[in-house]
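Each number in my numbering corresponds to the 1-based position in the sequence shown with 299 added.
Hint data in this document are derived by calculation from the structure and do not stem from the laboratory.
Watch out, some of these pointers could steer you wrong.
With a straight-line Cα cutoff of 25 Å, these simulated DSS-like cross-link-like pairs (lysine-lysine) come out [unchecked claim]:
#1 Lys-432 x Lys-334
#2 Lys-341 x Lys-457
#3 Lys-437 x Lys-419
#4 Lys-457 x Lys-334
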Amino acid sequence: MTIIVYQIDYKDAQQGVDLVNLLDHYAQDEMGGGKPLPESVKQTLVSNLAKLPNAITLLAYDGDEVVGLLNAFEGFSTFANEPLINIHDIVVLKERRGEGISRQLLAVIEEVAKSRSCCKLTLEVLSNNTIAKDSYRKFGFDSYTLDSDKGEALFWQKKLS
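Given these sequences and hints, build the entire structure.
Written as structure tokens, this is what we have:
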């Protein structure tokens, strides 16, 4: 197994197909919601990501087979007054999990972050996704607190219609 990780070229049709297929694979997993991506998302995701100058997508290949995906977005830390990268999706094909592919994706996004002088990487993980949480901890991630007396930061959302 020789895994090679590339930053996607959103204009490359095959890489676009690979991105959508892997994200759909994740969406259908219980940790991704258990439902396929809507067709409208499949049709427009790549072109919409291409419009975002802060979007970063990495694809991991084993030969010609795409086996992993990482979507991230550059943001900004006001407290540090420096850019940051938020990892939004990490996907590894179910049958390839446990082979260290996510660690390779994380290592590449860390290098991208360093090259952009980012102060940190952030990510979201479901509280019951213990396998992912263990993997992220091994890579150096941990919950975010300013002061242990104040508690951990929580990721919340409000959906807009």
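Okay, the hints, checked on the actual structure:
| no. | hint | in the structure |
| --- | --- | --- |
| 1 | Lys-432 x Lys-334 | holds, 22 Å |
| 2 | Lys-341 x Lys-457 | holds, 23 Å |
| 3 | Lys-437 x Lys-419 | holds, 16 Å |
| 4 | Lys-457 x Lys-334 | holds, 20 Å |
Consistency note: the structure conflicts with none of the earlier hints.
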